[in-house]
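Visitor: Take a look at the letters that make up each chain.
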Amino acid sequence: MKPNQNPQNYNRNNVPDEWFTWRKKNIKEQELVARPSLSYWKDAWRRLRKNFLAMSGLVFLILLVLMAIFGPILSPYDANTQVLSKQYQPPSAEHWFGTDNAGRDVFTRTWYGARISLFVGFMAALIDVTIGIIWGGISGYKGGRTDNVMMRIIEILYGIPYLLVVILLLVVLGPSLSTIIIALTVTGWVGMARIVRGQVMQIKNYEYVLASKSFGTKTPRIIRRGLLPNTMGPIIVQMTLTVPSAIFAEAFLSFIGLGISSPNASWGVMANDSLGAILSGNWWTLFFPAFFISFTMFAFNVLGDGLQDALDPKLRK
Amino acid sequence: MLKYILKKLLIMVLTLWIIITLTFVLMVSVPGSPFNSEGNSNEIVQQNLEKHYNLDKPLHVQYFLYLKSVATLDFGPSIKQPNQTVNDLLGRGFPISAELGLVTIIVAVLSGIILGILAALRHNGVIDYLAMGIAVLGISIPNFILATLLIQKLAVDWEFFPVATWKSPMHMVLPVLALATGPMAIIARLTRSTMLEVLTQDYIKMARAKGLTPWKIIVKHALRNALMPVITIMGTLLAGIMTGSFVIEQIFAIPGMGKYFVESINHRDFPVIMGTTVFYSAFLIVMLFLVDIAYGILDPRIKVTKKEGE
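Line by line, the protein sequences are chains A and B.
For what it's worth, this note's numbering labels the leading residue of the first sequence as 1, then goes sequentially.
For what it's worth, this note's numbering labels the leading residue of the second sequence as 1001, then goes sequentially.
A few of these clues could be false.
[As the list claims (entries may be wrong)] Here's a subset of chain B near chain A, in silico, CB distances under 10 angstroms, partners left out:
| no. | residue |
| --- | --- |
| 1 | Ile1204 |
| 2 | Thr1243 |
| 3 | Thr1277 |
[Unchecked claim] For lysine-lysine, the following DSSO-like pairs were computed, each having C-alpha atoms within a straight-line distance of at most 27 angstroms:
| no. | chain 1 | residue 1 | chain 2 | residue 2 |
| --- | --- | --- | --- | --- |
| 4 | B | Lys1051 | B | Lys1068 |
| 5 | A | Lys142 | B | Lys1007 |
| 6 | A | Lys213 | A | Lys142 |
| 7 | B | Lys1003 | A | Lys142 |
| 8 | B | Lys1259 | B | Lys1153 |
| 9 | B | Lys1008 | B | Lys1051 |
| 10 | A | Lys204 | A | Lys218 |
| 11 | B | Lys1008 | A | Lys142 |
| 12 | B | Lys1205 | B | Lys1216 |
Hint data in this document are derived by calculation from the structure and do not stem from the laboratory.
Ideal Cβ positions, reconstructed from N, Cα and C, are used throughout, including at glycine.
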């Protein structure tokens, strides 16, 4: 027998349970949010993906890293073996990028150069970030007198032209990869520290930090867990600027003969070695290192621009 | 204002003192004496030489002698080039470097600002993309590579310009071009982004509503504010240009300060290294100081006595 079809006559008690079905299996599942919640990083990634130029830069850099790792292994030639019978061979199936003034394979040397350039770039950025975060974090969080003293030190360091420190250190310690990295970071961390400090000073006044303090959280933990994650955006953008400037500095120093020295391969060394060569028409010896220096800087620049837009929540559409 | 200037002045002197001390410490800890490379095996000759250049005195005495000579702006004789004082070398090199630097800055600032304004006025148009394309390329290509390309194409292949040295205005074109492109690109990008921001402000709308010509709006109202960030980065740009001039002077065989500096390093010519370092740093620091002051004067919104570090 059918229940009464007229809605007005419904009584709670005579509505049979079969009329109701669970749309999802149980309450727990029902209350799940249909779409995944976007974290800050996912959201930034979503926006970065739409930026064609920045993505091309990212892809180029990933390929470059892969080639820096595997390129020398793939190539049948050694980077420093000189084959004098094969000087200045134009690019061919045998030597993809040709050979240089000592008959060395430019293809292999280019990837060795990439190793050095990327290593210098990333190490310098890593050290800058580490010192910058600690210095800027403490300075910004403590404020007052501590901040004043720490900022004065930064201001003085900022005035010292970095190239002079680099050159003087290279003269004293002798040119080597570690000297270049040390020299680049001695004054290089200052910019990062300033950025971190500015961010920390702004964020430390937010309510959630106050709440955290009122729970009795210790200062290092507040800085580490409460403040730093929220300063990551500007820090990453700054890193995308630090890496190419370190790469540039290495190439520059090697080019004027103060960095890595020939026969070791670095893009700056290769460019310097081939200075005389292009005048005699052997363009490829300069073209490949020059192309990769410029394109790496370009890739970091557009990626940095893209990240700056993507990581800024204010620009969200 | 006076308090602000005095404070900056104090920082400036302190920085300079640290640079002088740092240079001194690094120089005395360099392995190898300047007299070793020539094969002066005669010990008495070496001792006499060291005595002549005060290298035999205890370190602290050397340090004070050095401070004294810096204070009196007398950097002493060069070790490697007899009958030449460091002041001679600086006197010969600096005017040339300064000329190169000055022309470069003028070219970079003017072309950068014009490019930036054009890009901002045609936002998202062809000119904008073109200008920003040039700017990104300018930032990405290192100046020493640009210099080699310019020599190869414009000087060797087409023979438009002389390859090297420093004699006539024609000799200036290539080095200035190589040196100015990077700073120009940075200025163009900065000008564009601040111009875009300024152009949306109410007072620009107001000026437009008054019926001012676009030219007048840009020159009299927008540009003034759009240029403030350019002034802020002038110090950094200046440092970059001076650094870049080292390598550019090498490539184009220009007898400026950079050439003497690199030479003195290779020869371990201590007085010249210390002299050029201190001179170069002092020049740069004074410039940074002037930029700071200019910024304080030009932008009325900046309270120069503000609490530090805002």
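Visitor: For every hint, state whether the structure bears it out.
Guide: Structure-based check of all given hints:
Hint status for B:Ile1204 relative to chain A: violated, with the closest Cβ pair at about 22 angstroms, above 10 angstroms. Residue-level restraint check for B:Thr1243 holds (minimum Cβ-Cβ distance to chain A is 4 angstroms; threshold 10 angstroms). With a least beta-carbon distance of about 5 angstroms to chain A, the hint placing B:Thr1277 at the interface is held under the 10 angstroms criterion. Distance hint between B:Lys1051 and B:Lys1068 is fulfilled; the C-alpha atoms sit about 18 angstroms from each other, no more than 27 angstroms.
Proximity of A:Lys142 to B:Lys1007 is assessed by CA-CA distance (about 23 angstroms); at most 27 angstroms being required, the pair is judged to hold. Between A:Lys213 and A:Lys142, the direct Cα distance comes to roughly 14 angstroms. Compliance with the 27 angstroms bound is thereby established for this hinted pair. This hinted pair checks out: B:Lys1003 and A:Lys142 have alpha carbons roughly 25 angstroms apart, not beyond 27 angstroms. This hinted pair checks out: B:Lys1259 and B:Lys1153 have alpha carbons roughly 24 angstroms apart, not beyond 27 angstroms.
With a C-alpha separation of about 40 angstroms, the suggested pair B:Lys1008 and B:Lys1051 falls outside the 27 angstroms cut-off, and the hint is violated. A hinted pair counts as satisfied when its Cα atoms are at most 27 angstroms apart, and A:Lys204 with A:Lys218 qualifies at roughly 14 angstroms. With a C-alpha separation of about 24 angstroms, the suggested pair B:Lys1008 and A:Lys142 falls inside the 27 angstroms cut-off, and the hint holds. With a CA separation close to 13 angstroms, the supplied pair B:Lys1205 and B:Lys1216 stays within the 27 angstroms bound.
Against the hints set out earlier in the document, violations occur for numbers 1 and 9.
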